[in-house]
Amino acid sequence: MTLEQLNTLSMADATTWFTQTCAAQNWVDGMVNARPFAAQDSLLKTAQTLWDSMAEEDYLEAFTAHPMIGDVDSLRAKFANTKAMASGEQSGTAVASEQTLQALSELNHAYLKKNGFIFIICATGLSAETMLNALKARIDNARDQELQIAAGEQIKITLLRLNKGLAAAE
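Residues in the sequence shown are numbered consecutively from 50, following our numbering.
Calculated from the structure, these hints are not laboratory results.
Hints may contain errors.
Below, in silico cross-link-like pairs of lysine-lysine (DSS-like), each with a Cα-Cα straight-line distance of 27 Å or less [stated by the list, open to error]:
1) 205 <-> 162
2) 94 <-> 213
3) 205 <-> 94
4) 162 <-> 185
5) 185 <-> 163
6) 163 <-> 205
7) 205 <-> 185
DEER-style ranges, computed between Cβ atoms [to be verified]:
8) 105 <-> 175: 24 to 32 Å
9) 189 <-> 61: 41 to 49 Å
10) 61 <-> 146: 43 to 51 Å
11) 190 <-> 75: 23 to 31 Å
12) 74 <-> 201: 18 to 26 Å
13) 175 <-> 214: 17 to 25 Å
14) 95 <-> 161: 26 to 34 Å
15) 178 <-> 104: 30 to 38 Å
16) 58 <-> 94: 18 to 26 Å
17) 57 <-> 179: 35 to 43 Å
18) 146 <-> 54: 40 to 48 Å
19) 64 <-> 201: 19 to 27 Å
20) 159 <-> 213: 28 to 36 Å
21) 178 <-> 90: 28 to 36 Å
Don't be surprised by glycine CBs; every beta carbon is placed ideally from N, CA and C.
Go ahead and model the full structure; you've got the sequences and the hints to work with.
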């Protein structure tokens with residue numbers, strides 16, 4: 050999708066496109082209504098500004114669109130599928146151990162129980178071990194602190210998705 054195409058999409062199609070980058074409906078509506086964007090930088094700045102104005106319920110709505118890191122079978126599949134691609138970028142990346150996958154599953158379920166939302170991390174390029182270490186470091190945070198950290202991770206994910214979505218046309 051080019052920026053020009055995004056700017057000229059119908060409201061319904063633009064809503065669908067932005068929802069693929071972030072599931073918070075208030076944010077999506079704001080992005081759809083902020084069009085047209087003069088440049089990709091202005092789109093990204095608007096995305097950040099709108100996200101910064103969101104409330105807890107918007108964050109939680111966005112979080113629900115993410116799969117929970119903790120389903121061991123899904124984790125195995127994820128790291129098996131990315132191993133070949135990641136090996137060219139990070140030659141030291143190894144397949145996650147069974148122990149790491151089990152620890153991720155257990156800690157993520159504990160995190161969900163404690164906070165009422167799943168562990169959110171911008172996982173692009175991260176190994177299972179790195180995500181596990183981040184989860185260990187964050188599990189004892191107060192809920193309010195963790196909500197803010199997770200919201201910060203969510204906007205990183207959203208900005209990456211916006212960039213990828215626009216880069217796909219080039």
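**OP:** Below or equal to 27 Å on CA atoms is what counts here, so check residue 163 against residue 205.
**Re:** Roughly 24 Å separates the two Cα atoms, so the pair holds.
**OP:** Quickly compare the C-alpha distance for residue 94 and residue 213 to 27 Å and report which way the hint goes.
**Re:** Holds - the C-alpha atoms of residue 213 and residue 94 are around 16 Å apart, at most 27 Å.
Original post:
Hey, residue 162 versus residue 185, does the alpha-carbon distance stay inside 27 Å?
Top reply: Holds, at roughly 15 Å.
**OP:** Below or equal to 27 Å on CA atoms is what counts here, so check residue 205 against residue 162.
**Re:** Holds, because 24 Å separates the two Cα atoms, which is no more than 27 Å.
**OP:** Starting from the range 40 to 48 Å, see whether the pair residue 146 and residue 54 falls in it by beta-carbon distance.
**Re:** Distance hint for residue 146, residue 54 holds at roughly 44 Å.
Original post:
Within 26 to 34 Å or not, the Cβ separation of residue 95 and residue 161?
Top reply: For residue 95 and residue 161 the Cβ distance comes to about 31 Å; the hint holds.
Subject >> Outcome for the supplied range 19 to 27 Å, where the beta carbon pair is residue 64 and residue 201 >> reply: Holds: the Cβ-Cβ distance is about 25 Å, inside 19 to 27 Å.
**OP:** Please work out if residue 205 and residue 185 have their alpha carbons no farther apart than 27 Å.
**Re:** Between residue 205 and residue 185 the Cα gap is close to 20 Å, so the pair holds against 27 Å.
Subject >> Cβ separation of residue 178 and residue 104, checked against the hinted range 30 to 38 Å >> reply: 34 Å, holds
**OP:** Mind checking the hinted window 28 to 36 Å against the Cβ distance between residue 159 and residue 213?
**Re:** 32 Å, holds
Original post:
Are residue 57 and residue 179 spaced within 35 to 43 Å by their CB atoms?
Top reply: 40 Å, holds
Original post:
Taking the beta carbons of residue 178 and residue 90, is their distance inside 28 to 36 Å?
Top reply: Holds: the Cβ-Cβ distance is about 34 Å, inside 28 to 36 Å.
In terms of the numbered hints stated before, the structure departs from none.
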